[in-house]
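Trainee: From first to last, the protein sequence lines are chains A and B. The opening residue of the first sequence carries number 1 in the working numbering; numbering runs sequentially from there. The opening residue of the second sequence carries number 116 in the working numbering; numbering runs sequentially from there.
In case anyone wonders, no lab produced these hints; they're calculated from the structure. A couple of the hints might just be wrong.
Unchecked claim - List time: in silico DSS-like cross-link candidates among lysine-lysine, alpha-carbon distance up to 25 Å: (1) B:Lys151 to B:Lys133; (2) B:Lys137 to A:Lys69; (3) A:Lys102 to A:Lys69; (4) A:Lys58 to B:Lys134; (5) B:Lys134 to A:Lys49; (6) A:Lys69 to A:Lys58; (7) B:Lys156 to A:Lys49; (8) B:Lys137 to A:Lys49; (9) A:Lys102 to A:Lys49; (10) B:Lys137 to B:Lys156; (11) B:Lys137 to B:Lys151; (12) A:Lys102 to B:Lys133; (13) B:Lys156 to A:Lys102; (14) A:Lys102 to A:Lys58; (15) A:Lys49 to A:Lys69; (16) B:Lys151 to B:Lys134.
Unchecked claim - Derived coverage of chain A by chain B (criterion: at least 3 residues anywhere in the stretch with Cβ under 8 Å from a Cβ of chain B; other residues may be distant): (17) 53 to 65; (18) 80 to 87.
Stated by the list, open to error - Computed, partial: chain A to chain B, Cβ under 8 Å: (19) Val29; (20) Ser30; (21) Tyr32; (22) Pro40; (23) Gln42; (24) Lys69.
We put the CB at the ideal spot given by N, CA and C, even for glycine.
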Amino acid sequence: AQSVTQLDSQVPVFEEAPVELRCNYSSSVSVYLFWYVQYPNQGLQLLLKYLSGSTLVKGINGFEAEFNKSQTSFHLRKPSVHISDTAEYFCAVSRYGGATNKLIFGTGTLLAVQP
Amino acid sequence: ETGVTQTPRHLVMGMTNKKSLKCEQHLGHNAMYWYKQSAKKPLELMFVYSLEERVENNSVPSRFSPECPNSSHLFLHLHTLQPEDSALYLCASSQGSQSRGNTIYFGEGSWLTVV
C-alpha cells in the first residue's frame, strides 16, 4: 500500500523568501506523484505532477518539485513567495498502473506567507 | 470558474434529516468521486464512479448513499448522520483512472454541519 507523509503541518515564511514544503512517500511499486493547492474556501487545484522522465517538474505559479527516488521524496519549492501563495498544499501519490482508482493524500501543509 | 460545481455550498442538518449533495461536471470526464475532508486528516476517498458504475466504496457507512445517474452528475444522499460526519465534502472528476496519473479536478466543496 502507498502512503504519504507531510511532516510540516504549517510553514510560516516572509514574503519574497524561498520556501520548501516536504513530502515523503512510501510504496513498494512505481508511483505517480502530485502536488495540489487549496486556497481558502475553495476546492483543490493541481499545481504539478510527476509521471515519468525528468525528475524536476515545473508547475503553475512558479512552483517546482523534484522527484528523488532514492529518498522517496517529492519536495515542493518556490524561490520567492507572495502573499497570494498562502494556502494549504497537499502531496498525493497514486500507484503506477494500479487497478484501483485511488489517489492517496497527505495531511497537508499550511503555507502562511507574512508581509 | 470551476468545471466542477457543487450545491449547496453550506448545509446544516439535524441527525434525523434526509438531504442530498449535488455535483455536476462540465468537463466531459468519465469518472467522478466523492471525498471527505476533515480537519487535520488526509482527504478520504469515499466513492468512485467510472462510466456511471460504482467501482470503489471505501467502507463508507450506509448512511451515505451515492448516486450517479449519468456521467455529468453525482449525488450524495445523506440520512441519519452523526455529528462526526461534519466535514467538507468534495466532488471531483477525471478523464480516465487516477491510477494512470490523470489529473482530477475538484469542486469547491459542500460544508456539512450535523447538529
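Trainee: Hint by hint, say whether it matches the structure.
Mentor: Cross-check of the supplied hints:
no.	hint	in the structure
1	B:Lys151 to B:Lys133	holds, 18 Å
2	B:Lys137 to A:Lys69	violated, 40 Å
3	A:Lys102 to A:Lys69	holds, 21 Å
4	A:Lys58 to B:Lys134	violated, 42 Å
5	B:Lys134 to A:Lys49	violated, 36 Å
6	A:Lys69 to A:Lys58	holds, 17 Å
7	B:Lys156 to A:Lys49	holds, 22 Å
8	B:Lys137 to A:Lys49	violated, 28 Å
9	A:Lys102 to A:Lys49	holds, 15 Å
10	B:Lys137 to B:Lys156	holds, 23 Å
11	B:Lys137 to B:Lys151	holds, 14 Å
12	A:Lys102 to B:Lys133	violated, 29 Å
13	B:Lys156 to A:Lys102	holds, 17 Å
14	A:Lys102 to A:Lys58	holds, 24 Å
15	A:Lys49 to A:Lys69	holds, 15 Å
16	B:Lys151 to B:Lys134	holds, 16 Å
17	53 to 65	violated (count 0)
18	80 to 87	violated (count 0)
19	Val29	violated, 11 Å
20	Ser30	violated, 11 Å
21	Tyr32	holds, 4 Å
22	Pro40	violated, 11 Å
23	Gln42	holds, 5 Å
24	Lys69	violated, 16 Å
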